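Trainee: Next come the chains, spelled out residue by residue.
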Amino acid sequence: MAKGRTGRLLRDPLILLAFVTIALLLAAAVLAPLVAPFDPDEQFFDGLTLEGAPLPPGERFWLGTDLLGRDLLSRLIFGARTSLVIGIVANGAAVAIGTLLGVVAGFAGGWTGTVIMRFTDLMMAFPALLLAIALAAIFSPSLWIVALVIALVNWVQVARVTYTETRGLKEREFVEAGRALGAGPLRILLTHVLPHLLPTVLVWATLGIATTVLLEATLSFLGVGVRPPTPSWGNIIFENQTYFATAPWLVFIPGSAILLTALAFNLLGDALRDALDPTQRGRT
Amino acid sequence: MSGRYLVGRLGQSLLILLGISFVTYVLVYLVPADPVRQIAGRSATPATVEAIRAQLGLDLPLWHQYLRYLSNLLQGDLGRSYLQKTEVTTLILARLPATLELMAGAITVELLLGLPLGVYAATKRGRAADRAVMVGAFTVVSAPQFVVGILLLYVFAVRLAWFPIGGYGTLPHLVLPALTLGLLGAGWYARVARSAMIDVLRQDYVTTARAKGASPARVLLVHALRNAALPVVAMIGLDVGLFMSGAVVVESVFGWPGIGQLAWQAIQRLDIPIIVGVTLVAAVGIVIGNLVADLIAPLIDPRIKLRA
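Sequence lines, in order, name chains L and C. Counted from 1, the first sequence has number 5 at position 5 by our numbering; the numbering is strictly sequential. If you want our numbering, it's the position in the second sequence, counting the first as 1, plus 284.
Among the clues, some could well be false.
[Claimed, not checked] Covered by chain L, according to a simulated footprint, are these stretches of chain C (three or more residues, beta-carbon under 8 Å):
# : region
1 : 302 to 311
2 : 436 to 447
3 : 452 to 465
4 : 500 to 507
5 : 532 to 546
6 : 558 to 569
Just so you know, these hints were derived from the structure itself, not from any lab. Every value quoted in this text rests on a predicted model; they were computed, and no experiment measured them. Note that CB positions come from ideal geometry on N, CA and C, so glycine has one too.
Please model the complete structure; the sequences and the hints are all you need to start from.
Mentor: Here you go:
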């Protein structure tokens with residue numbers, strides 16, 4: 001059954017395209033040193049015009065060069081590493097924190113549940129980006145700090161969804177049956193509740209990568225994210241934005257990379273939701 | 285609407301605000317750089333530094349500072365900016381109208397683009413037009429706002445020169461920033477409106493209207509649209525959070541003199557009272573927005589019952 005649905009997923013050309021994009025991105029990130037035509041940090045003498053302006057896309061530098069005469073394509077490929085590391089680490093942490101808090105609150109209920117969920121409400125009321133900016137500015141940012149900051153901001157949604165689901169699952173007959181057969185709370189949690197949460201967590205983990213990649217790019221664009229010279233798609237735009245009128249490729253090529261990545265994960269997450277939750281099919 | 289629900293809901297909002305003020309205060313207390321040093325300058329003597337610290341109350345324990353801050357807060361006093369030597373409340377109030385104007389523009393964009401496109405997609409359900417609108421909606425929610433802003437600037441201000449490159453004051457200045465801020469929401473609204481419209485078009489009263497010979501346009505505009513627009517209108521209050529984060533980005537791209545830009549400048553200079561002030565004002569906006577959305581939803585749509 002589930003296999004049939006996955007098969008149907010892949011027959012949708014759009015989803016297939018999303019898969020291909022994600023696969024290419026992964027390959028670029030993993031194989032960066034092999035596939036990048038140049039060293040991303042090398043400032044080429046012939047990478048600037050005689051007047052010192054960056055080169056537009058051309059024969060030697062396929063996507064052109066940046067303000068310091070570095071190869072844009074190589075910086076983009078290495079930037080994919082940054083995005084992906086943050087996407088996986090930060091989002092993984094956010095999903096783990098959110099699931100843990102949501103499940104504990106939903107399963108324990110009572111005071112524990114109330115306290116956790118009120119705290120979640122509190123975090124929901126924070127303007128996420130302002131909070132992330134403040135956090136990133138407080139701890140001078142490195143790749144890992146940025147990942148941590150994003151995780152601290154992004155767990156909230158997951159916590160709410162898993163909380164609601166856990167509450168619902170707790171009332172289901174198979175949980176009651178398990179309890180009647182003498183299973184302890186931990187056993188019920190591990191064998192009856194968590195496996196049923198898996199589809200939801202999977203959907204949110206996929207959608208969360210899109211959110212995370214966008215947040216990292218925004219923080220880096222504002223100058224409180226990943227710091228140069230480590231290339232990140234956001235900080236490439238940050239470094240070059242003042243020249244967008246004369247060297248637009250320096251903004252719009254990395255911008256397209258961010259957009260395509262977020263779009264691919266959003267499309268995939270949405271398709272997964274449809275596939276895993278038949279009641280939602282065709283509604284969204 | 286029961287009074288009990290209202291009181292409970294208001295109390296809950298107040299508690300959240302209190303929590304927010306505390307969390308923000310603790311956060312900025314963690315800042316490793318010392319603001320006193322920044323104000324006093326490099327050449328200040330240790331005695332001057334200590335005098336400034338005492339004057340600002342930064343030598344008191346954290347909880348004491350927080351209580352002092354909270355009691356001032358209740359009197360509308362957000363403290364003074366370390367660097368601009370001005371009341372934070374004054375700075376924020378001076379810049380709030382620009383941000384509110386930007387948000388009003390963004391709401392207009394969301395509704396004018398999102399609603400019609402979503403409704404249109406619903407009527408063409410499953411066909412190429414529906415698919416195109418939905419892919420478009422996905423694309424705008426996946427696009428980083430700063431890239432959208434720079435793209436609009438590049439095309440409409442630099443290349444076509446239809447709008448000014450930045451600045452504030454007239455309607456043409458507002459168009460591009462409002463479009464940038466509103467597009468994201470328009471993408472969400474198109475999805476919500478489409479899904480609501482698909483539900484509504486299945487209802488018996490729509491079938492009845494059709495059976496009675498109402499024209500397709502009449503069925504759509506009079507019978508269906510009214511009900512499909514409800515969930516979208518009820519969502520506007522929830523957008524405040526989206527806008528508050530977006531304002532920082534959009535205002536920094538377009539040089540829009542609102543509180544987003546104020547916060548952004550303050551963060552670079554570690555001007556703590558301003559950071560706390562703007563975050564707090566933004567959070568108050570979000571809490572009020574959520575409260576309004578919760579309270580008006582059942583008024584617009586009587587089928588929604590208030591949670592007791």
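Trainee: Each hint needs a verdict: does it hold in this structure or not?
Mentor: Tested hints:
1. Remark: the region 302 to 311 of chain C is confirmed as covered by chain L, as 5 of its residues place a Cβ nearer than 8 Å to a Cβ of that chain, reaching the required three.
2. Counting residues of the region 436 to 447 of chain C whose CB lies closer than 8 Å to any CB of chain L gives 3, which reaches the minimum of 3, so the coverage claim holds.
3. Proximity of the region 452 to 465 of chain C to chain L, defined as three or more residues with a beta carbon under 8 Å from a beta carbon of that chain, is not established by the 0 residues found.
4. Requiring three or more residues with a Cβ within less than 8 Å of a Cβ of chain L, the coverage given for the region 500 to 507 of chain C is violated, as only 0 such residues are present.
5. Check result for the region 532 to 546 of chain C against chain L: holds, 3 residues qualifying (beta carbon to beta carbon below 8 Å, three or more required).
6. With a threshold of 8 Å between beta carbons, the proposed coverage of the region 558 to 569 of chain C by chain L holds, since 5 of its residues qualify and at least three are required.
The earlier numbered hints that this structure contradicts are 3, 4.
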